[in-house]
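Chain by chain, the residues run as shown.
Number of protein chains: 2
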Amino acid sequence: MFKNRKNILVLADLGGCPPHYFYENIAQNYNIVSYIPRPFAITKDHFDLINKYSIAVIQEESYFENISSFTKTNDVYWAMDEHNFSLEEVVNKLIELSKMFNIQAITTNNELFVEPVAVASKKLDLKGAGSKGAKNARDKFLMRQCFNNSKARTVNCKKVDDLNDLIIASKELGFPFILKPTYLASSLGVTLFKDSSELEQKFNELKKFVDTLTVPKSVKPSCIFIAEEYLVGNSSEWYGVEGYGDYVSIEGIMKDGQYYPIAITDKSPQIGFTETSHISTSVLSADKQKLIIEAAKYANESLDLENCATHTEMKLLPNLEVGLIETAARYGGWNIIPNTSKVLDINYPKLLIDVLTSNVSDQYLENIIAKKPKKFISDFHIYLKDGENVNTDIIFEGLEDTSQYINQDVKVNKYDEIPKKTILKYEDFTAFNSVAFYELESANSNSLVQTINNIRKNINFK
Amino acid sequence: MFKNRKNILVLADLGGCPPHYFYENIAQNYNIVSYIPRPFAITKDHFDLINKYSIAVIQEESYFENISSFTKTNDVYWAMDEHNFSLEEVVNKLIELSKMFNIQAITTNNELFVEPVAVASKKLDLKGAGSKGAKNARDKFLMRQCFNNSKARTVNCKKVDDLNDLIIASKELGFPFILKPTYLASSLGVTLFKDSSELEQKFNELKKFVDTLTVPKSVKPSCIFIAEEYLVGNSSEWYGVEGYGDYVSIEGIMKDGQYYPIAITDKSPQIGFTETSHISTSVLSADKQKLIIEAAKYANESLDLENCATHTEMKLLPNLEVGLIETAARYGGWNIIPNTSKVLDINYPKLLIDVLTSNVSDQYLENIIAKKPKKFISDFHIYLKDGENVNTDIIFEGLEDTSQYINQDVKVNKYDEIPKKTILKYEDFTAFNSVAFYELESANSNSLVQTINNIRKNINFK
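Just so you know, the sequences run in chain order A and B. In terms of my numbering, the first sequence is residues 1 to 462. In terms of my numbering, the second sequence is residues 1001 to 1462.
Just so you know, these hints were derived from the structure itself, not from any lab. All figures in this text were calculated on a predicted structure; none of them were measured in a lab. Honestly, I wouldn't trust all of these hints.
What the hints assert, rightly or not - Mimicking PhoX-like on lysine-lysine, the simulated pairs with C-alpha atoms at most 20 Å apart in a straight line are:
hint, chain 1, residue 1, chain 2, residue 2
1, B, Lys-1099, A, Lys-99
2, B, Lys-1374, A, Lys-72
3, B, Lys-1099, A, Lys-52
4, B, Lys-1093, A, Lys-99
5, A, Lys-52, B, Lys-1208
6, A, Lys-72, A, Lys-99
7, A, Lys-44, B, Lys-1006
8, A, Lys-288, A, Lys-371
9, A, Lys-151, A, Lys-52
10, A, Lys-159, A, Lys-122
11, B, Lys-1159, B, Lys-1208
12, A, Lys-52, B, Lys-1052
13, A, Lys-93, B, Lys-1099
14, B, Lys-1342, B, Lys-1374
15, A, Lys-159, A, Lys-202
16, A, Lys-342, A, Lys-371
17, A, Lys-288, A, Lys-342
18, B, Lys-1072, A, Lys-44
19, A, Lys-44, B, Lys-1044
20, B, Lys-1122, B, Lys-1006
21, B, Lys-1044, A, Lys-72
Said to hold, decoys possible - Stretches of chain A that chain B covers, calculated by requiring three or more beta carbons in the stretch to come under 8 Å of a beta carbon on chain B:
hint, region
22, 16-30
23, 61-72
Cβ atoms here follow ideal geometry from the backbone N, Cα and C, with glycine treated the same way.
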């Protein structure tokens, strides 16, 4: 019998490192026990991968009412049903499973369950994000306070629970400022306020929208929103060329309270606050990357995170200043992790578990960030608002051919679009509403970003 | 939250009621927790069904060595790897899982794990086959002793562990007699000895063959073989027509030590001891069915079975005598259960769990056997030895069209054959070596059995 494989517990839910990359890469070296607290949050494809690569799969049983409860579909973007378990109940479940399966580490890709995973790990004396660190990472108001208490550039902010708070915040911060839900992810609900005339209506709409985004009962933020000064970036100063977004993200590892950067990801410009593409890994010069790494270190260490993956976003400000946007105690979403893994030849999911099970040296972690990408890969989504010829709701009939916009040194590795006849609402605009997806590859990052911008500028909906 | 569904634990392995019918029909009313003690015994299709309809799936972790351990295939007929867990270890695992998931009943379709399931149920004070009953049902020597101590017709028998025992048995029983492994299933290794000249060679071959059939370490029979008097049947006396096999099987339920017959299944003649078809449900007259039911009641109650499904086989002897062949503390294999369910409109898997969870009345159970089938369905397999034109090993190239042998009032519901180019060994002959499968349906049982015999008599291999 093969007792050399350690058992790890994955709280399986939406988000973070995608399932197609996560489970198999961990199962190569570890036995996965998967706990599914919200069966309705798991797509069929995700479920198949969980089942294929886990030695045990436990779903929260209270959701099974009749035979139709066992049907899993692929159209889950945000888990809309309720999860009525307290933090303590989720923690106790994780502890029970950990004891039963002799678990050596617990992890999750889902923002909303980072805290119970950290608390359970702590109670079991396993390495984890740490109860305090997880709480700070999951509450954008607490997070900003930590950031502002570190050596990183201060970003003025204010707690907001209601319209009155918002009016006070607007006076203190001035316009424009942004308002973010403190407990969500994927830029959901992030709103720019440009002047006082729109305060009330926009706030009411935002309240209504975030109320539709159910979160588990265990999520208890210190306030609903945080108002923050609006940071204006300047990407051309950083990149020396036009076309890149004015922000980056950086993947990292916390090990025993110390931050190790492991990859910086460039972007193309956002639509509002919705991301459009990630380019793995960054083409920025070493001295500029150093500034980003420094800010990420301040950010993540300020939260008191102990052992976890991190995904930190920051604005590239004028005069090479770095403005922290936010961080998360998990890897980044979309295909950032698979693509970074491809260009750097590193198994990031395994790396995280190695850290949690004390199976990796500080020296190895220190050297990762120095790796040069073999090539550049972009994970790129098209939205309805990219359509040159669209300014209203439409029934999707496909996209016009884009091959003329793709540079010769750029290869399309994958292309996928949503089913034809899907009804698209022009104003329903979030990261979930992508209509098409490209994976592009090139030896030249500039050429990649040019191609992305070219497609976005010229795309026509049929 | 829906707390009205009880949790039941299924020890999932090969055999018994087929997966395509079992899991879904239980999941309609109960939450299934599946424990897989031998991951190598589960086909991919079986695994997919387990995952789809279970609220939790736990595989025995010690079999996972590397990423290839997670690959499941469909070519599993007998689980050939070792399962090195003692009865006590399997029982303890079942108890641990039962406590964790608040299990109300434990069941299995696999012969080889009937005993640990019964012992664990007993220790948990759950309804089950009973430790003594399960032991008797799993050891064909103990079983025959129980049968012979009941009011059923005695069948002379003798313990056999080695050639010396066999020689003694042959003298006591006379020729012909049969020798059966005490702990296997599917007629595996059942051998007819016709005279003393073949004793030694046949026995050595048989020993070699059964040694290839690995069983879990928890299986501990009182002796390896049982020698029994050979029963000669007379089907035409029972059926009044030619063409039926000279034996039947009867599905039953034990509830609190009392036997309830729930369906009798007719057969076509065997090839050696390998079954060729089942016809659901029996066309025998009520008075003849009564004799079968009576023998089944003697048989199953004599074992001290408490609460379980039963599958009992018996020979139809001359003078309307019934000769017990054997019984099992689980439902029958092949499609007996799905087909019986179809013709009688009864959800048999659910019925079993209803019994185990005290959710069914005696009166309901008493009335099942009186149900008349809506139609007759047969589950019919073709073997290499059926081939008129075959008497050696071949490479399978398909079967000649058989439509001319199918009566007009017989419908082919399903037909399937093994992949072309499969190498078939003429002497490798067990229930696993079916080359084609028919599901036939008719309002007329006689016509069904005629069709089966017609196909078998005339089938040609390409």
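Structure-based check of all given hints:
1. Lys-1099(B) <-> Lys-99(A): Within the cut-off at roughly 13 Å; holds.
2. Lys-1374(B) <-> Lys-72(A): This hinted pair is violated, its Cα atoms lying about 35 Å apart.
3. Lys-1099(B) <-> Lys-52(A): Roughly 26 Å between the alpha carbons, so the hint for Lys-1099(B) and Lys-52(A) is violated.
4. Lys-1093(B) <-> Lys-99(A): Satisfied, since the Cα-Cα distance of roughly 14 Å is no more than 20 Å.
5. Lys-52(A) <-> Lys-1208(B): violated, 36 Å
6. Lys-72(A) <-> Lys-99(A): Roughly 29 Å separates the two Cα atoms, so the pair is violated.
7. Lys-44(A) <-> Lys-1006(B): violated, 25 Å
8. Lys-288(A) <-> Lys-371(A): holds, 16 Å
9. Lys-151(A) <-> Lys-52(A): With a Cα-Cα distance of about 45 Å, the restraint between Lys-151(A) and Lys-52(A) is violated, given a limit of 20 Å.
10. Lys-159(A) <-> Lys-122(A): The hint is violated at about 29 Å.
11. Lys-1159(B) <-> Lys-1208(B): Status holds; Cα separation ~18 Å.
12. Lys-52(A) <-> Lys-1052(B): holds, 12 Å
13. Lys-93(A) <-> Lys-1099(B): holds, 14 Å
14. Lys-1342(B) <-> Lys-1374(B): holds, 8 Å
15. Lys-159(A) <-> Lys-202(A): Between Lys-159(A) and Lys-202(A) the Cα gap is close to 17 Å, so the pair holds against 20 Å.
16. Lys-342(A) <-> Lys-371(A): Holds, at about 12 Å.
17. Lys-288(A) <-> Lys-342(A): Violated, at roughly 23 Å.
18. Lys-1072(B) <-> Lys-44(A): holds, 18 Å
19. Lys-44(A) <-> Lys-1044(B): Judged against 20 Å, a Cα distance of about 16 Å means the pair holds.
20. Lys-1122(B) <-> Lys-1006(B): OK: Lys-1122(B) and Lys-1006(B) at ~18 Å, within 20 Å.
21. Lys-1044(B) <-> Lys-72(A): holds, 18 Å
22. 16-30: holds (count 3)
23. 61-72: With 8 residues closer than 8 Å to chain B, the region 61-72 of chain A meets the three-residue bar; holds.
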